[in-house]
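Trainee: Following the hints, position chains Z, R and L against chain C.
As a plain string of letters, each chain reads:
There are 4 protein chains.
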Amino acid sequence: MAKQRARALGVSLGGLPTGTSNAITDVAGVRVGHETLHTGPAVRTGVTAVLPGPGSAFADKFPAAVAVLNGFGKAAGLSQIAELGVLETPIVLTNTLSVGAAHEGLVRHALAAHDDIGVTTGTVNPLVLECHDGWLNDIRALSVRPEHVTRALAAATGGPVVEGPVGAGTGMVCFGWKGGIGTASRRVGGFLLGALVLTNFGRAPDLTIGGVPVGATLRPPPTGPVPRGAGSCVVVLATDAPADARQLGRLARRATVGLARCGGIMQHGSGEYAVAFSTANRVPHRPAGPTRATTVLAEDGPLLDDLFTAVAEATAEAVVNSLFAGERTVGAHGHVVEPLPVEQVLGLV
Amino acid sequence: MAKQRARALGVSLGGLPTGTSNAITDVAGVRVGHETLHTGPAVRTGVTAVLPGPGSAFADKFPAAVAVLNGFGKAAGLSQIAELGVLETPIVLTNTLSVGAAHEGLVRHALAAHDDIGVTTGTVNPLVLECHDGWLNDIRALSVRPEHVTRALAAATGGPVVEGPVGAGTGMVCFGWKGGIGTASRRVGGFLLGALVLTNFGRAPDLTIGGVPVGATLRPPPTGPVPRGAGSCVVVLATDAPADARQLGRLARRATVGLARCGGIMQHGSGEYAVAFSTANRVPHRPAGPTRATTVLAEDGPLLDDLFTAVAEATAEAVVNSLFAGERTVGAHGHVVEPLPVEQVLGLV
Amino acid sequence: MAKQRARALGVSLGGLPTGTSNAITDVAGVRVGHETLHTGPAVRTGVTAVLPGPGSAFADKFPAAVAVLNGFGKAAGLSQIAELGVLETPIVLTNTLSVGAAHEGLVRHALAAHDDIGVTTGTVNPLVLECHDGWLNDIRALSVRPEHVTRALAAATGGPVVEGPVGAGTGMVCFGWKGGIGTASRRVGGFLLGALVLTNFGRAPDLTIGGVPVGATLRPPPTGPVPRGAGSCVVVLATDAPADARQLGRLARRATVGLARCGGIMQHGSGEYAVAFSTANRVPHRPAGPTRATTVLAEDGPLLDDLFTAVAEATAEAVVNSLFAGERTVGAHGHVVEPLPVEQVLGLV
Amino acid sequence: MAKQRARALGVSLGGLPTGTSNAITDVAGVRVGHETLHTGPAVRTGVTAVLPGPGSAFADKFPAAVAVLNGFGKAAGLSQIAELGVLETPIVLTNTLSVGAAHEGLVRHALAAHDDIGVTTGTVNPLVLECHDGWLNDIRALSVRPEHVTRALAAATGGPVVEGPVGAGTGMVCFGWKGGIGTASRRVGGFLLGALVLTNFGRAPDLTIGGVPVGATLRPPPTGPVPRGAGSCVVVLATDAPADARQLGRLARRATVGLARCGGIMQHGSGEYAVAFSTANRVPHRPAGPTRATTVLAEDGPLLDDLFTAVAEATAEAVVNSLFAGERTVGAHGHVVEPLPVEQVLGLV
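Protein chains in written order, with this note's numbering: chain C, 45 to 393; chain Z, 45 to 393; chain R, 45 to 393; chain L, 45 to 393.
Here chain C stands alone, though its shape is the one from the complex (with noise of 0.2 Å):
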């Protein structure tokens, strides 16, 4: 039977209203495509991409900012982002290990598009985040290639986005239940916000669904990782409200108010980052002059105050959707991750 997401199946995340897939993929030109690696006895790991807009992102730029929750992990691509305030490929999530095969994946599709790109004009940032898949995913394998990263470009569709254990979430485990990607969006004042997210962080009897300390409760007790349960979390906003980077790193920032609403606690091994992209107000890579005109959002008002409380609700129903998604996982190590009993959880909140 096809699994369902938590809000058909009744579970409330909030009062905003969402978008028409309840998707990241809401917001205009925003699409998520997956790679996923599920080969073999111990191969679980892959790669999601978003592409935050129609046309090239290293030609017309992405207002953007990233919000380092606990930097204990291993993206690429930072440091540029905020100092420029520009996102310039697209974003892509896969494991540790194979950050610098995403990273090349991601050059090379840069290159392709670009016969600029390190001649006449500058290089490209990629921007590659992360988390540790190893429970389930031979890690040490290094499965993921460029390639992947060029598959997963390829097969990116706006529309409703396939969450749980596909690409980069195949081997990702949560609150000691198979983890993964999942998604939400929210409507705010005549504009968009959804998320994505990667779920691999958690300690079971930590899970909180709706308020609910569920987590203590279920039985049997998950077969994940649990005496620490430490792993990591990727959090990708997009907006079409003409944020600007500053304000975009506002939003990011609130990303740890949706983690926490699950029971997230930033654990010391769970390295958490947030990216936030706005598809308002694009940068052109070669400027017309030396000012350009743009929009930002007023400060002050009720807007911003409800793209936070957006950013909550999304991040937190992103992650409960890569739960609900989840499915029973053998992989590497002879590890076994069960999915979330969906049913035993409605009992409860």
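Bear in mind the hints are in silico, worked out from the structure with no lab data behind them. Just so you know, not all the hints are guaranteed correct.
To be verified - Chain Z is faced by these chain R residues, among others (derived, beta-carbon under 10 Å): (1) Leu150; (2) Leu155; (3) Ile161; (4) Val172; (5) Ala376.
Unchecked claim - Label-pair ranges, simulated between beta-carbon atoms: (6) Glu191/Z / Leu392/C: 51 to 61 Å; (7) Ser56/C / Gln388/Z: 19 to 29 Å; (8) Val374/C / Thr164/L: 15 to 25 Å; (9) Asp160/R / Ser56/C: 34 to 44 Å; (10) Glu371/C / Glu387/Z: 45 to 55 Å; (11) Val163/C / Gly54/R: 38 to 48 Å; (12) Leu53/R / Pro346/C: 55 to 65 Å.
Note that beta-carbon positions come from the ideal geometry of N, C-alpha and C, so glycine has one too.
Mentor: Relative to the frame of chain C, chains Z, R and L by itself:
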């Protein structure tokens, strides 16, 4: 009838054991003093001082760090703590427009104790944090003067901490109800972690206690500044664990988890700052030699994660304690703020 | 005989053209005012105010950023500028222990102009920066009071800026010689960039002017606090170029290049802070709608690099101007500080 | 005729004494290895590895910090160093588009040495820094492969370091002349401080050596990418002084003084990153207990200031050494870059 604290009333806010007084003063040497200004129809403000330990904080400084969770605030003294990793005065909390007076109060306190400051040695870095109590207090009157800091320092004691509308908390509002000072503590691996909060944040419908979203249910709804609800929150964390400044920064950043557990979303207008200090490994103002022996926490292992959990739990419980200690307050502008209806809450959680 | 500025004496400090007054006030609307406290044998201090533009900075804020180059200092107001990207008061410079009094002075100034602050709107974020003038000033006397801020603000004018031992510069020492206030400006691509500095930093042997390491050569050596030489430096940068807050942060961080050109090495004890604001694209306190049209600099292209060069040149020339305007000052503790021996310097550069 | 280093030719770059080899390898245990890719008409690139000390950096980590001076760059591995304060791999420098390959090379190196990584312990955080060598190198060819990292690591030795167009420096351009690898060291209070730079920054007219602005005078002018000159610069700092991570951050931030002394202005396009590590107080991956004894530098006293001066001097001398070691290089796109005309320079300084 005397107010009771949340824990005494059976409200569960986490699983770690508390210290003796369930207060920041459980960390040996930490003292708290209040100077309450509740006079006439409109003065509802004050000063709360946290003394980090015995002896002079200037002569023997405390490893410390500050986390700016939402920088919409007017705290003074942050950049030096970030640069040098030490606290060298007591921590003073007051209202937003009185940061200057409180700063001068701390300067005078340091000058009185050290006749070398500004002559044969350098100056001193007062740490002042604040929230905006203008809903209940005639904040424009600048009622807090430097001598009120002196009095709060002189009043400081160990043991149980008076909570609620006292000291800097006199005029604060939290989730629409009367906020103010709250405190709590946790024991972890032979160490103590204490939190003291000044609560002035949160939208009424968001209030969550022990995982239960009580805010939308309580009747009648609160009379605080509901529509936007933006205030601020200060979190002071003390520990006797030998965390160095970097590690204390990690602790301080987890305060946001505790606030989120209470329903906080770091609203635009809610400046949220956490400062953490350690009473271990004090740093002499006049070093005995070019290097100094010290100890630090192991980064890996369960202790740091448990301290993170302690921060989340103690911060959340301190917030709830500040609400449980609330009292009906009639203040400036004809505003009245009611205390949290504790009995109603107890029926919900 | 009137002191002459470095440029009038033929000292070359970079190739970009200056504005009319070679001062921060060349940026239209910027005004500077001093209140000098030079009384009795030991009071050698004061206040310098930089008004960023006409009208109220609170009602119509200025895009702004702060760079903490060496955070060993006591500036107040930084975190809100970092979070919100705007300046909403004049900038006040004074001595280290008078930050509190100056803060209150700015609060009173804002309250006098805006009867809604603290009642129907929020509070206000005063920006106060400081250096330690305790070598020449009885800094423990806390001679600066809030009303001195009022007077400095009232005294503010456009046009040429009085440099040297005036206002906040009255008691400062720079590379062992009399320091204080200096200013300079540059024209870049139709825009103006001005710097104003409060100089209290540098070891005597390190002084470099126009690339020439004059510090080790001057005889007799200076009488300032040679052995450690640590003081601090404040750099205020103004521009009418439409830089947004992030870009202003990039400008501010280049102030360190100007200080290094003068021989600065950001000594341990030398708190060094740069604040940059733009007079373009003021940000209304009460936004007219949820979004706002604005302009920003193109990040790429020669303009930004030229502004970076302008920051380096104007900062360095402002430092040198502060020294060329020095006067022999007898102050507290029997200390005497001589002005830079300009004729000797002119023979070297 | 063999190239001579600046100091051997009488160029004075500061007053502190050097270590034995005037190289980063003067810090006991530090080794440097190059893998140079100079093949065909267009491949002018490579890898330079800095091994921080004997044994495994993963098993016994090095206290470390990174300073992002201008974040327009693509370094990988920064956020974990900022969070945890340790370096756990060698430091690899290469070209901008090869960060991915170098990352994978470091991953493979760590996996080969530690069969527990990714299985019974966590993953590993490779530190890769880069400059854009596309003026001389066909950077689009992605010539650097993971095995080149292996070779650079295998080639690493102590003692004198080969400078100039070797390893990662093969295709770099600095102030219009041939740049590349340079190194220098200083002795301070019984400790050593070494710098290694990868120089690819600066506009030709700005070049300054020993305080003399030689750049505008040299004839013929250089043939590097003069008009904008933007490149980047990496500074690696090593010390055996027991600085903790926070203090190493303070050291790293002073690298900018050394670059400014050479005429750098942190141009828009010049990503500038400094990493500093200490060989004292290594941090075990598997802690022996919940706390650990260690030592730190006294913050006050002359030692830290002298280390700051050492950073400025060693960084500047390393940059000059990279130029003095330059060789005429014909590369991609028909570009030719000449070495700095050392004899002309010697006539000027």
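Trainee: Hint by hint, say whether it matches the structure.
Mentor: Right, here's what the structure says about each hint:
Restraint check, Leu150/R versus chain Z: the minimum CB separation of about 8 Å is within 10 Å; hint holds. Satisfaction of the interface hint for Leu155/R is found here, the shortest Cβ-Cβ separation to chain Z being roughly 5 Å, below the 10 Å cut-off. Because the closest C-beta pair between Ile161/R and chain Z is about 7 Å apart, less than 10 Å, the hint holds. Of the supplied interface hints, the one on Val172/R holds, with its beta-carbon coming within about 8 Å of a beta-carbon of chain Z, less than 10 Å.
The restraint placing Ala376/R at the interface with chain Z holds, with a minimum CB-CB distance near 8 Å, inside the 10 Å limit. In this structure the supplied range 51 to 61 Å holds for Glu191/Z paired with Leu392/C, their Cβ-Cβ distance being about 55 Å. Restraint check, Ser56/C to Gln388/Z: a C-beta distance of roughly 21 Å satisfies the suggested window 19 to 29 Å. Look at Val374/C against Thr164/L: about 19 Å separates their beta carbons, and that is inside 15 to 25 Å.
Here the CB-CB span from Asp160/R to Ser56/C is close to 39 Å, well matched to the stated 34 to 44 Å. Checking the proposed 45 to 55 Å range against Glu371/C and Glu387/Z shows it holds: the Cβ atoms sit about 46 Å from each other. The hinted range of 38 to 48 Å is satisfied by Val163/C and Gly54/R, whose Cβ atoms lie roughly 45 Å apart. Look at Leu53/R against Pro346/C: about 58 Å separates their beta carbons, and that is inside 55 to 65 Å.
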